[in-house]
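Number of protein chains: 2
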Amino acid sequence: MTVAILGGTGKEGQGLALRLAARGRSVILGSRDAEKGRAIATELNARISSSLVTGTSNLEAARDGVVILSTLPYPGHIEIATELKDQIAGKLVVTATIRWPPSLDGVPSAAEDLARALEGSSRVAAAFQTVSAGSLNRLDGESEDVLVFADSPGTRREAVALVESMGLRGVEGGPLEKTRVAEALTGVLLGINKIYGVKSTGIRITGLPARGSSP
Amino acid sequence: MTVAILGGTGKEGQGLALRLAARGRSVILGSRDAEKGRAIATELNARISSSLVTGTSNLEAARDGVVILSTLPYPGHIEIATELKDQIAGKLVVTATIRWPPSLDGVPSAAEDLARALEGSSRVAAAFQTVSAGSLNRLDGESEDVLVFADSPGTRREAVALVESMGLRGVEGGPLEKTRVAEALTGVLLGINKIYGVKSTGIRITGLPARGSSP
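Read top to bottom, the protein sequences are chains D and L.
If you count by my numbering, then the first sequence holds residues -16 to 198, one letter each, in order.
If you count by my numbering, then the second sequence holds residues -16 to 198, one letter each, in order.
Bound conformation, chain D alone:
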């Protein structure tokens, strides 16, 4: 089940690609610049002795991916996704894009904007908002969780399964609107990074049932 990563040549997209390919999933990196997509794919394959990563345009990635991950930068992410609406229709679209700067002023999250723009044509979930590119690119490290938001429990569970196929624990955080909290929390984590002089803090949810007994 090939995963397409839109805007996949950034650090966050590369980290997701690495984790997927390292576990045997085929990944298509989409980029505004197909040539750049191919070049980064070659680099990633070399890093993990794989041939599972390919690179191309966002349009071809969206068309050929069975599941869509989006690490498109916040400025312009809606315009690009809207152009790809036909290619991603009927698919699970998991967006990691966060509104920047984060706001606690009642403004919708980037994920809510995306869901509205796609008008129900794709199944939209949000995930990875609090996960730094540094954590994704480090295949070891202290185990952090990925909060997953979607209005439909079924969509949340699909997205959790995708997250878990990367060796990370996905935790259902509730409806898409709550992505606002994950965005704001990312702002707090960046502040914590500064205070403690570190680069990649994340969160883990304590008090959950042991793995394997998800709802």
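If you're looking for bench data, these hints aren't it; they were derived computationally from the structure.
All values reported here derive from a predicted model rather than from experimental measurement.
Quick reminder that beta carbons are idealized off the backbone N, C-alpha and C, glycines included.
Please note that the accuracy of each hint is not assured.
Said to hold, decoys possible - Derived list of chain D stretches under chain L, where covered just means 3 residues or more per stretch with a C-beta under 8 Å from a C-beta of chain L:
#1 75 to 89
#2 153 to 163
#3 178 to 190
Keeping the supplied structure of chain D fixed, place chain L upon it in accordance with the hints.
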């Protein structure tokens, strides 16, 4: 260094008192009803074979505590704290009170309301917003963190030291305004509790330096 817990007879206050007394700190539980304060203090002492917990009115607790913890319920917490302004002047006041329901609409957190009401007469920090009474009352369990917010780094560190004297890790989360995120996150944690059928989820910050190397 005696710790007074205002509104300390609720489940959250009891949990904090237990953790402090179990580590040798004297605790005064303040209550609207001094008699209730005394009764709960007796119960807590019995649970941990201690005599370190005493109970009284909020006023006497505020007067006699060297450090003040507040677990006052959200409705009325500002009125009570304002009445105790003289008793808590010049002291560290760590509030666990959260605005309910949590809002992401740009409204100040309960802690910001408190700081404004006290007009700089006390050193105000926020902590324990994401920590459930269930976690506090369980002296074992998966280790969760306590986010600590205050405008002054010195006040944050004082509050972190208080948290750590209870055997919990305190993590500086930044200025008091960011308590809004901790309040909103508590709303998400309650949602996670429902989804997973558990009672006391919390958070842990990953990627921090090892304990003992705080900033």
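For each hint, the structure was consulted:
Interface restraint, the segment 75 to 89 of chain D with chain L: holds (3 residues with C-beta to C-beta distance below 8 Å; minimum three). For the segment 153 to 163 of chain D, the assignment as covered by chain L holds, since 6 residues bring a beta-carbon within under 8 Å of that chain's beta-carbons and 3 suffice. Coverage of the segment 178 to 190 of chain D by chain L holds in this model, with 13 residues showing a Cβ closer than 8 Å to a Cβ of that chain against a need of three.
The structure is consistent with each of the numbered hints, conforming to all of them.
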